[in-house]
Amino acid sequence: GDSVTQTEGLVTLTEGLPVMLNCTYQTIYSNPFLFWYVQHLNESPRLLLKSFTDNKRTEHQGFHATLHKSSSSFHLQKSSAQLSDSALYYCALSPTNSAGNKLTFGIGTRVLVRP
Amino acid sequence: GGIITQTPKFLIGQEGQKLTLKCQQNFNHDTMYWYRQDSGKGLRLIYYSITENDLQKGDLSEGYDASREKKSSFSLTVTSAQKNEMAVFLCASSIGGGRGTGQLYFGEGSKLTVL
Chain A
14 GDSVTQTEGL VTLTEGLPVM LNCTYQTIYS NPFLFWYVQH LNESPRLLLK
64 SFTDNKRTEH QGFHATLHKS SSSFHLQKSS AQLSDSALYY CALSPTNSAG
114 NKLTFGIGTR VLVRP
Chain B
59 GGIITQTPKF LIGQEGQKLT LKCQQNFNHD TMYWYRQDSG KGLRLIYYSI
109 TENDLQKGDL SEGYDASREK KSSFSLTVTS AQKNEMAVFL CASSIGGGRG
159 TGQLYFGEGS KLTVL
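Going down the list, the protein sequences come from chains A and B. In this note's numbering, each residue carries its 1-based index in the first sequence increased by 13. In this note's numbering, each residue carries its 1-based index in the second sequence increased by 58.
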């Protein structure tokens, strides 16, 4: 079945420094949809970024990611971390946009940004 | 916009008890989901439903039942609560039938504690 592997555990970094969270995936489908969801403390997950176009950068709220089908990757980056970026980040995969849209999530990466 | 409402927000049960969680959405979305969230294990799919009266098992369906009574509601039953179990259950919905990208909209979660 489908699988998503992302940077494990806790990532601690200093405000103002760059952020990069790794995400790789496995699927038999050739046109998957990839997502990053963010979950702040005591909130539900919400969509941060999504893409299904190969080699095209997608951006939102200062974060960006590029889907690279050649390496099955969708890494999340931000040039300068803010304290408010402290949250749990999930990479997720949907194999197609057909009925069901069953998403497979990675285990999540917790980010803590310190002053 | 729409909203997903989960009830109850907090549920305390006894070992062996049957416990039911309810979810309502007013997005008019076709597909609804129940995920279980555990630290270090990500979001794991329990059941999903692509239309009224449809049920599809996810990766974690054992020990659970689900029911899609109507398009707007999806309930989840823990058939026999396990002692010392603690988890957060997240309901979600998405546009289905090939018209969406698989983006999920989540409820605020229901936290289960079994004594």
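There's no promise every hint is true.
Stated by the list, open to error - Dumping the calculated DSSO-like pairs for lysine-lysine here, alpha-carbon to alpha-carbon at most 30 Å: (1) B:K169 / A:K63; (2) A:K82 / B:K67; (3) A:K63 / B:K80; (4) B:K99 / B:K76; (5) B:K80 / A:K91; (6) B:K129 / B:K67; (7) B:K141 / A:K63; (8) B:K76 / A:K82; (9) B:K115 / A:K82; (10) A:K63 / B:K129; (11) A:K63 / A:K82; (12) B:K141 / B:K67; (13) A:K63 / B:K76.
If you are wondering where the hints come from, they were derived from the structure by calculation, not from laboratory data.
We went through each hint and held it up to the structure:
{"no.": "1", "hint": "B:K169 / A:K63", "result": "holds (28 Å)"}
{"no.": "2", "hint": "A:K82 / B:K67", "result": "violated (40 Å)"}
{"no.": "3", "hint": "A:K63 / B:K80", "result": "holds (28 Å)"}
{"no.": "4", "hint": "B:K99 / B:K76", "result": "holds (24 Å)"}
{"no.": "5", "hint": "B:K80 / A:K91", "result": "violated (37 Å)"}
{"no.": "6", "hint": "B:K129 / B:K67", "result": "holds (21 Å)"}
{"no.": "7", "hint": "B:K141 / A:K63", "result": "violated (39 Å)"}
{"no.": "8", "hint": "B:K76 / A:K82", "result": "violated (45 Å)"}
{"no.": "9", "hint": "B:K115 / A:K82", "result": "holds (29 Å)"}
{"no.": "10", "hint": "A:K63 / B:K129", "result": "holds (26 Å)"}
{"no.": "11", "hint": "A:K63 / A:K82", "result": "holds (14 Å)"}
{"no.": "12", "hint": "B:K141 / B:K67", "result": "holds (19 Å)"}
{"no.": "13", "hint": "A:K63 / B:K76", "result": "violated (38 Å)"}
In terms of the numbered hints stated before, the structure departs from hints 2, 5, 7, 8 and 13, listed from lowest to highest.
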